[in-house]
Structure formats: structure tokens, C-alpha cells
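Read off the chains here:
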Amino acid sequence: MPRTLFTESQTHAEDGVRLLSSRVDKAITDAMEALRTRNMRLAQSVVEGDAEVNQQRYALEEEVLQMMATQAPVASDLRELVSILSIVSDLERIGDHAEGIARIAQFLGDDPVALTEPELWVMAQRVQHMLRASIESFLERDEAAARATCDVDDEVDEIYDRIHRHVIQQLAGLPHDAQEFDAYTHLLWASHNLERIGDRATNICERAIFLVTGRLEEINVSRY
Amino acid sequence: MTIAPDERPDLEAPRDEASTQRRGADLFEEIEGARGAVRHELDAEIALELRDLSVFYGHFMALDSVSFDVPKQEVTALIGPSGCGKSTLLRCFNRMNDLIPTARMEGSIMFDGQDLLGPAVDSVGIRRRIGMVFQKPNPFPKSIFANVAFGPKINGYKGDMPALVEESLRRAALWDEVKDDLDKSALALSGGQQQRLCIARAIAVQPEIILMDEPASALDPVATLKIEDLMRELAEDYTIIVVTHNMQQAARVSSYTAFLLAGEERTGRLVEFGPTQEIFTNPTDRRTEDYITGRYG
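Line by line, the protein sequences give chains E and W. Just so it is clear: in the first sequence, position 36 is 36 by this note's numbering, and no numbers are missing. Just so it is clear: in the second sequence, position 9 is 233 by this note's numbering, and no numbers are missing.
Think of the hints as simulated: they come from the structure by calculation, not from any bench. The beta carbon of each residue, even a glycine, is placed where N, CA and C say it ideally should be. Please note that a few of the clues may not be correct.
Straight-line Cα separation of at most 25 Å, SDA-like style, residue types lysine to any residue; simulated pairs [to be verified]: (1) W:K296 to W:F358; (2) W:K450 to E:A72; (3) W:K450 to E:A69; (4) W:K450 to E:V74; (5) W:K450 to W:E460; (6) W:K403 to W:P431; (7) W:K296 to W:R456; (8) W:K377 to W:E391; (9) W:K450 to E:Q71; (10) W:K360 to W:V348; (11) W:K296 to W:F364; (12) W:K366 to W:S409; (13) W:K360 to W:A370; (14) W:K296 to W:S409; (15) W:K450 to W:D437; (16) W:K377 to W:F364; (17) W:K450 to E:T70; (18) W:K450 to E:M68.
Pairwise CB distance ranges (calculated) [as the list claims (entries may be wrong)]: (19) E:S86 to W:F284: 46 to 52 Å; (20) W:L449 to E:S86: 26 to 32 Å; (21) W:D346 to E:A69: 38 to 44 Å; (22) E:L216 to W:S409: 37 to 43 Å; (23) E:T4 to W:R394: 33 to 39 Å; (24) W:E457 to E:D161: 55 to 61 Å; (25) W:A442 to E:M68: 27 to 33 Å; (26) E:T4 to W:D453: 32 to 38 Å; (27) W:D404 to E:T213: 40 to 46 Å; (28) E:T213 to W:F284: 37 to 43 Å.
Taking the hints into account, I'd like the entire structure generated from these sequences.
The structure is reproduced here in C-alpha cells:
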């Protein structure tokens, strides 16, 4: 096939996206596990691992810029590289949200309050599914899969609503000087982080659709 | 055989209901004989209307049924691999193929209400209205002034010749570099300057269309960018059709792009015509995508 060098670099960049996404995917798993088991060491490893995620993102960005500068890509090649630039930024932010959840786990420490919201883990499963499916739809250039993945965000928003309402109810029932105020507020933040991950996965799906169709469109605007 | 204007299918004529219900692509194929080419409907004013244009050199068919509209006062790029017929197509526009004894053309190219391929067309008159700039700069071995004044002079221009020469050189972005050396030989200029002189010479006869065949391929990158800037500027007043092998150049300078491709029998066909922005970001035809992304061949 002609353009061997470009095709090799393209495959390398795609592998990089896959690697970065599995890295932030694991960060979400670990952060949620740290929250559930109150494993402070695991939480700390997520926090520390975020620096590497950031580094990996910049390395990929540089690689893509290099390809754009030296290979003058056009059409679907250009769309893919521009999309990767956007996707690595979304993945890096997803890493930040995972780090945010790990920090909340650290803050809550031994406090079992998190366990009062079991739907948090259901929500995490949904957004992790969205993350994996969005990356696959991009790498496989599957428009239908990308659109279907965006629809999952509605479910994520609904879970977020329920957690939000439940936490508010808990807060309303607390005495004025209760120590749990901060803990419950942090739970809200944890669910907010998950909700944002869903939005970022939707962005990735939008890029998958752009790669296939050449049209930039906003899909399934989140209520948050 | 040339199709007379009154025999051409009338695109504006009302169609019966059954035909309007047919898929647009089928209809297009039937009416235009486009053989699958993706053709863009222009919003812009049209300078040239090509319909089923075929070119033969003896028994060899060099171009097969090319149909598209060239927009007025825009740069249109003709791209495609070597031997796809893009230079042949360019030469049809000012009847340069007449100079090749075995060449024969079918179909029509409508320009200002007349078919350029019609037998009554005065090819010299047409070449005044449709000028050409070639791949290699080809100034006459005369002074800079004489080069620019040559065309107007043989056309019997009676106006202020120095003013016309200055205006043409200014429009070709060369005046500031040569204004004190107008009597010097054109051959003393650099390659890039010579090419701009040829552009000045082409516009001195006030054409409506300027054809450019690889106008920057013999120039260095700086001179190339000057020619490209100039093409964009000239498109404000002239219709420009440029043949280029340089895909980035086509992307930079043109508003519309036609992609031609020859099959194994070496006959060139139009694959896709449309706004350059679309051709270079999201082409409709897989073959265009393969060519512009370098995966052709």
C-alpha cells in the first residue's frame, strides 16, 4: 500500500489513543474501588498516576502535530488526526475526573457514607461502558455505534438525578451541626465527576461521527 | 459531432412526476450522461458549461463525456494523476487542441452563449478572451515593455499603451520590481518574475478567463507562493482554471476542484467536481479520497 510511513504513524497514533483510554478506564475502576473499600493506597496511586496520563496525552498530541506538519494529511486522514487531538484532551480530562474521585475517597477516609449510594457504582459502570464504546466506535469508524453510545448518557443523567435527590434528602434530615455535611457534599461531587465522564465520552462519539461523515454535530446535549 | 446549443437537454424544463420521483443520481446520470461522476450544482455564476465533452486523438479517446460548470471569477483547479487528461481538458477551453491535427472533440463547452467547439468559432478571437499561461515561463526575447504590449498591439489597441503596460504589470504584482527596467530584456528576469510577466502579458489583452497549466511547477517555493497569491487576487476579476500536480496548491488557491482519473484504457473521466473545501476534507467518491490522501496507485 502506498504511503507506508504515514499509515504506520497513523496506526501508532491509534494505538496511543487505545492505550491512553485503557489507562483512564483503569483509573476510574481504581478510584471507584478505593471509594468502595476505602483503600487509601489505591486512591493515592490514581492521584499519582494522573501525571503520567497527562504526559501520555502531550506525547500523543506532539506525535499528531508532527504528522500534520510533515505529511500534509487531507480528507479522512486530516479528520482523524484533528479528532485525535480533541479525543486525547477528553481522555486527559476523564483522567482528571477519576483523580477527583480518588481524592474524594481520600477525603472520606474511613467514613462509610459513600456506601449509602450504591447507584454510584452502577453509574461508574455505565460511563466506563460509554468510554470503551466511544473509543471503539472511533477506531472502527462505526457511526451507528457512536450514536447508540451517546444515548446511554440519558441513563447516566437519570442516575445522577436520583443520587442528587437522595443526597439532598439525607442532608435535609441532618441536624444543624452534623459532621456528615461535608461527606455528603463530596458524594455529590463524586457523582458529578462520573456525569462529566459521560459527557466526555459523548464528545468522543461526536468525533467518531465526524470522522465518518465529515460533519461536526452536537449529539444528545447533557442536561448538566 | 458537436451538439448544437438548441439540441442540448434543457435542465430547467419541467419534468413529469414519475421522473422527479426517481433518485437524483439516476436522473443526473440520464440527463448529463455523467457516468457516475459526482457533480456539484453551482450557486455561482457560470463562466463555462461543459456537457459530455469527449476528446479523441485519432482513434484514442483521451477524455470521455466530461460535464461540469466552471464558476465565474473563481479559481477552479483540475487535479488528477499524470495522463488523466487534465491538460487535454484545459487545452479544449481555448481551442489549443486545434493545433494537433488528429485531435477531435465532441460535446459542447458553452461560453457566453456560444459553443466553443462550434465550427463558426474564431479560435484566435477566443484565445484573446481566454488566455493561457504555460508551465515554463516563455517570455519573448524582447524587452519587458514589449512583452506586455505585444498582445494589445496586434489586437490594434489604440489607448494609452504605457498605462496599460503599467496596469498589467501592477496586476501581476511585478511592477515594483521592474518599473525602472522596462527596456531590459525579459530574459534577464528570474524564473518567478518571468512567469509573472507572462501573467501580465496574458491579462494585458483583458481576457475573461485565464488558463494556467502547472504555472508554478518550475518555480522555487517563494516564487510559487507569489504566483498563488496572485491567482487569488486575479480571481476577483477573472475566471481562472489551473492544472496542478501539487495537491496542496490546489487546496490553497482554488475555490472549486475537478478530479479526473484515467482507467486502464487511459481514457480520462471526471470523477468528482465540487467546492475545494469539500473535496479536501470530505470527498464524496472513494477514488478522490484515495488520490488526495496519497493512496492511489
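Checklist entry - Which numbered hints are broken by the structure, listed smallest first? => result Hint check: 11, 14, 21, 22, 23, 27 fail, others pass.
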